[in-house]
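As they're listed, the protein sequences go chains A and B.
Under the working numbering, the first residue of the first sequence is numbered 1, with each subsequent residue one higher.
Under the working numbering, the first residue of the second sequence is numbered 1001, with each subsequent residue one higher.
FYI, nobody ran anything at the bench for these hints, they're computed from the structure.
Where a beta carbon is used, it is the ideal one built from N, C-alpha and C, also for glycine.
Check each hint, because a few of them may be wrong.
[As the list claims (entries may be wrong)] Facing chain A, from chain B, some residues (calculated, C-beta under 8 Å): (1) Val1145; (2) Ile1192; (3) Arg1195; (4) Leu1309; (5) Leu1315; (6) Gly1318; (7) Asp1329; (8) Asn1353; (9) Leu1357; (10) Lys1360.
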Amino acid sequence: MTTDVEAPTPPKKDEERPESFLSLFLRNLWSANTVTVTALSILLALVIGAVLMVVSDSTVLSKFSYFTARPSDALTASWDLISAAYADLFRGAIFDPAAVQAWFDGTGTWQAAFNPISETLTYAAPLVFTGLAVAIAFRGGLFNIGGQGQAVIGCVTSAVAGFAFGLPPVINLVVALLFGILGGALWGFVPGLLKARTGAHEVITTIMLNYTATLFLSWLILQKGVQDPNRTDAISKTVDASAQLPAMPSPLRVHLGIVLAVLAVIGISWLINRSAFGFELRAVGVNPPAARTAGMSVARTYTLLMVVSGALAGLGGAVQVLGTADKLTPQVAGNIGFDGLLVALLGRNKPWGTLFAAILYGALRAGGNLMQADVGISLELVTVVQALIVIFIAAPALIKAIFQLRAARSARLGTSMAKGW
Amino acid sequence: MANDHIDITVEPGEVHALLGENGAGKSTLMNQLYGLLQPDEGEILVNGEAKVFRSPRDAIAAGIGMVHQHFMLVPVFTVADNIALGAEDVRGGPLGILDRRRMRRDVLATSQKYGLPIDPDALVENLPVGAQQRVEIVKALIRDVDLLILDEPTAVLTPQETDELLGVMRSLAETGKSIVFITHKLREVKAIADRITVIRRGRTVGTASPDTSEDELAALMVGREVSLEVTKGAAEPGREVLKVRGLVVDDDRGVRAVDGIDLDVRAGEVLGIAGVQGNGQTELVEAIMGLRAATAGTMQLDNEDLGALSTKKILQSGVGYIPEDRSLDGVVKEFSVAENLVLDMYDRPPYGNAVRLNPKAIADNAAERVTQFDIRTSSAESAVGTLSGGNQQKVVVAREMSRPLRLMIASQPTRGVDVGSIEFIHNQIVHERDNGTAVLVVSSELDEVVGLADRIAVMYRGRILATVSPGMPREEIGLLMAGITGADEEEGTK
């Protein structure tokens, strides 16, 4: 594993050489460094996504039946489809030129202009937390598959705290967030303790606790005092307005969660690189015997690390429920825990990398919504593209071979999650 | 560049020693002969014919075999299966059944032919290191090689096993096989080699005959005069710093490893523990360091009970520890030199506290130690894994000696370390003794114990057989190491 500091590593620059910065930059650009591989993975995934769009669209496909007679028909149709779809992806995720134009012309609102970016950040916020949870655990040598369960428990505890206590404003929100943190921390503490005391593998225990958490949520929602008294289906009471994360004016959905997420990134980055606990967890992560010989307690580090990891995932759940969902449903946590695994992988287990990866995931999700509504391409395609990106990143040798990249100067680029079992 | 225009010729029936420090390029050279690396320039001639080796398969076909420093065996397979691996006898085409009986017979035949006793049905994981090495050698011989490359074969062996191996090499050479023996141990080179090629920084710096003196060979290897003797004044022993009484420790399998040991280490003296690897030294040291629970007995550091303390507390109360397995226990390879230099002090001022680190103090400390201990690294931020073994060990030594110590425990302090660094590390240990620290040195290299120690405790099967003076003849200490005490037994160890 890598041990250097956070931030997506820019192409390695070497000061000693008399070469100009530009020529070095260009030379290193086409080497298998982290940034290049990530960018090419995304590109390749989008290309394959394009092929899938064409193949799954019957109208376009029918034009291919007379491809030899009039190739232009098929090619034009394919191009139209692909460009429309990816333009939607962009418009839905980053900004819509038409809406911005309308805002300047005075015919549209500024909210409409900022809506895409708001959507992206809304989807990204909980993923930052669950991604950080996986990343920090991995730096300490633990494969926390339980982000989902920890996030679900975080949803439950924060939502219940949010509608049950009726505390004054501000305090209500803080207490609800703290409950989310505590719930997730508890759900992380259990596998951490089991690992430290009995050596039970955290992959097994956290997967089991995922089921436990999800089923507990389904049961809890239907209980008296939790279920919305006006409903018969599985929906809980709504979180008090004072316990919800402050958001931008409607229809924008982006809320304080993304700010908390950035703060969490800064905090975790400090924790890993600058704190005594971070030193311990990094040492335990790569060489437990040496850590033990140097007097560190490996068992204590594992337990504490799972508590921190669980707390982050729990906070992710809290942000989800207090920021967007505002009530519990069986699907309230969606897939944020599992997506956190992929976000951490994409971000190479580094805090800032995780932040950018989460935003990318949020962008794909937000853009995918528009793509589905507008061109009628299923949202599942976005999931496929997300999965492909991760596959290519997990197997950098593949990207290296396809694009004939030079070997990176620093041999850091390994398969980043190959360990852990 | 690891190899810079090297010429080397190996004759049939010759034991050719390739001598050089760690990182001199010996292994790189041999990996080219074995097809693991391709040379950028130059050619390889086998019996006068130019050959290109793209993989070990080509090399084996040309009659070249190699036994690596780290064995390439599957622990859960039997000896015969391991030897057959890659060249299995199969009846009935590629999907046919393994001809286990014939494989076993061939293994037995080869092992008898060359006098290498191995049990074809034993599981490799149950074999001692010396026997595993014989399996590797048979594995090469069964493929009918003419040239056998042995990469640092004695690094993992006990003195007895080393003697056995040298005998095997001699008898193989007599059957007409050529042997390339890669090593940095001068004594072995002089004992076995017909010719010696010395490599330094990727170049051949000389060819020597075995009657060249050890000092001359060492000077060729290192490029300057080195002293192989440890120079030290008389010890001035003070109070008893470490007192061990009736210590009993079990190993990982629950077998008694340390069986009632009494030990005293006094301030200002070096107590050496001699003994063949695996006679309980590891467990003894781990028990003192709090890394392994003692079953019975007491350990006291200046009247303070060590048994009740955690490893962290023991380290903090002025005990320095150089663990025997450097890469596993001594350093975190992925960590920088600077981080490794504070690996057991990161949470103490000035390097940090329970909450945060102090990067500036850590960097300053690194800059100072790198100069003081002559650690050869491109920067204090380089990962320790990129350093040579000797320099990694210097990092460990520097770390442990950079705080005031009452007791210093050095386990195999120079294992896998080059000659130049050995001299340096030995001097540091003597220096620590002269500062009034009690020093416990554990080593399976008798020369090292004799050179460093003021008193020698010989350990055999978990007990201390005798405590002798380093002036005692080597042979007699050797006998003690083999468990022979009385003067009535005269058969010796060889």
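Next item in the hint list is Leu1357 (chain B). Is there a CB on chain A closer than 8 Å to its CB?
With a minimum Cβ separation of about 6 Å from chain A (threshold 8 Å), the hint on Leu1357 (chain B) holds.
Against chain A, with CB atoms and a cut of 8 Å, does the hint on Lys1360 (chain B) hold up?
violated (12 Å)
Would you settle whether the hint for Ile1192 (chain B) is holds or violated, based on the nearest Cβ-Cβ distance to chain A being less than 8 Å?
Interface hint status for Ile1192 (chain B): violated (35 Å vs cutoff 8 Å).
Is the interface hint for Asn1353 (chain B) satisfied, with its Cβ closer than 8 Å to some Cβ of chain A?
holds (7 Å)
Should the hint that Asp1329 (chain B) touches chain A count as held when the rule is a Cβ pair under 8 Å?
At 4 Å from the nearest chain A Cβ, Asp1329 (chain B) passes the 8 Å test, so the hint holds.
Against chain A, is Arg1195 (chain B) within 8 Å by beta-carbon distance?
Not OK, violated: Arg1195 (chain B) not within 8 Å of chain A, min 37 Å.
Against chain A, with CB atoms and a cut of 8 Å, does the hint on Val1145 (chain B) hold up?
With a minimum Cβ separation of about 33 Å from chain A (threshold 8 Å), the hint on Val1145 (chain B) is violated.
Using Cβ atoms only, decide whether Leu1315 (chain B) comes closer than 8 Å to chain A, and label the hint accordingly.
Holds, about 5 Å.
For the hint on Gly1318 (chain B), just tell me whether its beta-carbon gets within less than 8 Å of chain A.
Violated, because the Cβ-Cβ distance from Gly1318 (chain B) to chain A comes to roughly 13 Å (cut-off 8 Å).
Min Cβ distance, Leu1309 (chain B) to chain A: is it shorter than 8 Å?
violated (10 Å)
Of the numbered hints listed earlier, those contradicted by the structure are 1, 2, 3, 4, 6 and 10.
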